[in-house]
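Participant: Read off the chains here:
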Amino acid sequence: GNSVTQMEGPVTLSEEAFLTINCTYTATGYPSLFWYVQYPGEGLQLLLKATKADDKGSNKGFEATYRKETTSFHLEKGSVQVSDSAVYFCALRVSSNTGKLIFGQGTTLQVKP
Amino acid sequence: DAGVIQSPRHEVTEMGQEVTLRCKPISGHDYLFWYRQTMMRGLELLIYFNNNVPIDDSGMPEDRFSAKMPNASFSTLKIQPSEPRDSAVYFCASSRKTSGKTDTQYFGPGTRLTVL
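First to last, the protein sequences are chains A and B.
Taking this note's numbering, I'd label the letters of the first sequence as residues 1 to 113.
Taking this note's numbering, I'd label the letters of the second sequence as residues 1001 to 1116.
Please keep in mind that the hints were generated in silico from the structure rather than gathered at the bench.
Each residue gets a CB set at the ideal place from its N, CA and C atoms; glycine is no exception.
Not one of these hints is a red herring.
Derived DSSO-like pairs (lysine-lysine); straight-line CA-CA distance at most 27 Å:
1) A:Lys49 to B:Lys1097
2) A:Lys56 to A:Lys100
3) A:Lys100 to B:Lys1097
Label-pair ranges, simulated between beta-carbon atoms:
4) B:Glu1044 to A:Arg67: 25 to 33 Å
5) B:Gly1016 to A:Thr20: 40 to 48 Å
6) B:Met1015 to A:Lys56: 45 to 53 Å
7) B:Glu1062 to A:Ala17: 38 to 46 Å
8) B:Lys1068 to A:Lys68: 37 to 45 Å
9) B:Gly1016 to A:Lys68: 44 to 52 Å
Take these sequences, add in the hints, and give me the full structure.
Facilitator: And the structure:
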């Protein structure tokens, strides 16, 4: 079946540290991949996406590259800020026809000043 | 645009009571999704609609849960009777279809339900 696996959190970093949150997936066909972010007390917001192999999604200093050979979509940021503290969700969409998303468990990031 | 609107933001009820959660999707969006988020199970898709028609309700936990979408601007998720294990944050999301493909899902702020 289709599934998403994220590294377990929480991830605790100091401000300006480098961030990597691992995400791997299992899917039939050619899924689209997403990273969503959830700030405390809010709903999820789309952070970035990639729709085909080797695409790189980027937004607000975050990047992720769609790696079909390793079935991965790791999230990276070169220098995190306290305001990046949130829960990050990796997700896949198998069919663009339905829009149904399958989410990973989420990874909590805490950035300390 | 106002974004996806959910009400109430918080609901506290007693076991056995009926609970109704409400959602107003973004105007013009064709798809509406209901999710449940818990610490134990993460984010689960309960049901989704396309043009007000339920397409996939395989995630609805049991018969106590029901969802309706009487028109393009309103949906409800009802739990009757409610149980303590239903305590969770319930999210509504909407998206549209453009050029034959579904677009980004936009989430509402969620309803935090506590069943005592």
